[in-house]
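Residue numbers (our numbering), protein chains in the order written: chain X, 17 to 130; chain F, 9 to 124.
Some hints here could point you the wrong way.
[What the hints assert, rightly or not] Simulated restraints, written as ranges between beta carbons of each label pair: (1) X:K19 <-> F:S74: 25 to 35 Å; (2) X:D42 <-> F:K65: 18 to 28 Å; (3) F:G48 <-> X:V94: 19 to 29 Å; (4) X:G26 <-> F:S70: 11 to 21 Å; (5) F:L124 <-> X:T127: 27 to 37 Å; (6) F:K23 <-> X:S125: 29 to 39 Å; (7) X:S125 <-> F:P69: 23 to 33 Å; (8) F:E76 <-> X:F63: 18 to 28 Å; (9) F:R89 <-> X:Y80: 39 to 49 Å; (10) F:G80 <-> X:A97: 37 to 47 Å; (11) F:S70 <-> X:F63: 29 to 39 Å; (12) X:L100 <-> F:S81: 37 to 47 Å; (13) F:K25 <-> X:P46: 39 to 49 Å.
[Stated by the list, open to error] Some residues of chain F that are not near chain X, with every Cβ distance over 12 Å (derived): (14) K25; (15) G36; (16) D64; (17) R72; (18) E76; (19) V82; (20) Q92; (21) E93; (22) L124.
Think of the hints as simulated: they come from the structure by calculation, not from any bench.
Since we're looking at a predicted model, the values are computed, not measured.
Using N, Cα and C, we set each Cβ at its ideal position, and we do this for glycine too.
These are the residues of each chain, in order.
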Amino acid sequence: AQKITQTQPGMFVQEKEAVTLDCTYDTSDPSYGLFWYKQPSSGEMIFLIYQGSYDQQNATEGRYSLNFQKARKSANLVISASQLGDSAMYFCAMTPQGGNQFYFGTGTSLTVIP
Amino acid sequence: GAGVSQSPSNKVTEKGKDVELRCDPISGHTALYWYRQSLGQGLEFLIYFQGNSAPDKSGLPSDRFSAERTGGSVSTLTIQRTQQEDSAVYLCASTPTGYLAKNIQYFGAGTRLSVL
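Isolated chain X (complex conformation) (with noise of 0.2 Å):
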């Protein structure tokens, strides 16, 4: 069975300070992708970051980067130099190779504070 775990319900950082959002996932299948979500109070949810299971570097995407531990089977988010405007939840999500489901963590809640 797939499962993610987001052990952080909330999160509070300083503007311009970076901050780390944990992830862990449990899977048996040998190729997964991993992903983040932003989802704004308004609702939609935005694609932040992609990391495949057999890509040897750590997946970066502007002030966002993936630290991928694979041994450990976790995902952390790292937002660099946070913004009033990275306020929202966060969410971790994985899809097994070829497969049709993409499981969602429950979320972490990030308060950028000025």
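Based on these hints, arrange chain F on the given structure of chain X.
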């Protein structure tokens, strides 16, 4: 627009009534997903369509829920005899294909359903 479109954005209905929620995916995307998100919760998978294949209905919570996708494009999620526990935001997402691990989902803004 080029994104996933959902309608209505808000729906208020009385317990026992049927509702239809619509999703118009990104043109050319072959895969379409429906999710339910209850207040403060993560996303609960409901159903998945891939091209002309039989849909994966394994996430539908009861036989009151059904969905169809006409012509491989627009999808309608129908909830019959609505109950108060059906109140949630229903999100639709589409992807270019269903067969790759790097399969970015593009989401609509959702339909907020309130059952009184």
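Hints versus structure:
The hinted range of 25 to 35 Å is satisfied by K19 (chain X) and S74 (chain F), whose Cβ atoms lie roughly 28 Å apart. Taken as a hint, the range 18 to 28 Å holds for the pair D42 (chain X) and K65 (chain F), whose Cβ atoms sit roughly 24 Å apart. For the hinted restraint 19 to 29 Å between G48 (chain F) and V94 (chain X), the CB-CB distance of approximately 25 Å keeps it satisfied. At about 32 Å, the CB distance of G26 (chain X) to S70 (chain F) disagrees with the hint of 11 to 21 Å.
As the Cβ distance of L124 (chain F) to T127 (chain X) is approximately 32 Å, the hint placing it in 27 to 37 Å holds. Under the hint 29 to 39 Å, the C-beta atoms of K23 (chain F) and S125 (chain X), about 31 Å apart, fit the expected range. Against the hinted window of 23 to 33 Å, the Cβ-Cβ separation of S125 (chain X) and P69 (chain F) comes to about 25 Å, which satisfies the hint. In this structure the supplied range 18 to 28 Å holds for E76 (chain F) paired with F63 (chain X), their Cβ-Cβ distance being about 26 Å.
For R89 (chain F) paired with Y80 (chain X), a C-beta distance near 43 Å keeps the hint of 39 to 49 Å intact. A beta carbon spacing of about 43 Å between G80 (chain F) and A97 (chain X) agrees with the range 37 to 47 Å that was offered as a hint. Checked against the hint of 29 to 39 Å, the pair S70 (chain F) and F63 (chain X) passes, with Cβ atoms roughly 30 Å apart. Between L100 (chain X) and S81 (chain F) the C-beta distance comes to about 38 Å, which sits within the given range of 37 to 47 Å.
The hint said 39 to 49 Å for the Cβ distance between K25 (chain F) and P46 (chain X), and at roughly 47 Å that hint holds. Its beta-carbon lying about 23 Å from the closest one in chain X, K25 (chain F) satisfies the requirement of being farther than 12 Å from that chain. Residue-level check passed: G36 (chain F) sits 17 Å from the nearest beta carbon of chain X, beyond 12 Å. Against chain X, the non-interface label of D64 (chain F) is violated: not every CB pair exceeds 12 Å, the least being about 5 Å.
Interface exclusion of R72 (chain F) from chain X stands, the closest Cβ pair being 21 Å apart, more than 12 Å. Listed as a non-interface residue, E76 (chain F) keeps its Cβ farther than 12 Å from every Cβ of chain X; the least gap is roughly 17 Å. Separation of V82 (chain F) from chain X is adequate, the least Cβ-Cβ distance of about 19 Å exceeding the 12 Å criterion. A cut-off of 12 Å between C-beta atoms confirms that Q92 (chain F) is not in contact with chain X; the least separation is 21 Å.
Annotated as non-interface, E93 (chain F) keeps its C-beta farther than 12 Å from every C-beta of chain X; the closest such distance is 18 Å. Listed as outside the interface, L124 (chain F) is consistent with that label: its C-beta sits roughly 21 Å from the nearest C-beta of chain X, beyond the 12 Å cut-off.
Violated hints, listed in ascending order, are 4, 16; each of the other numbered hints is respected by the structure.
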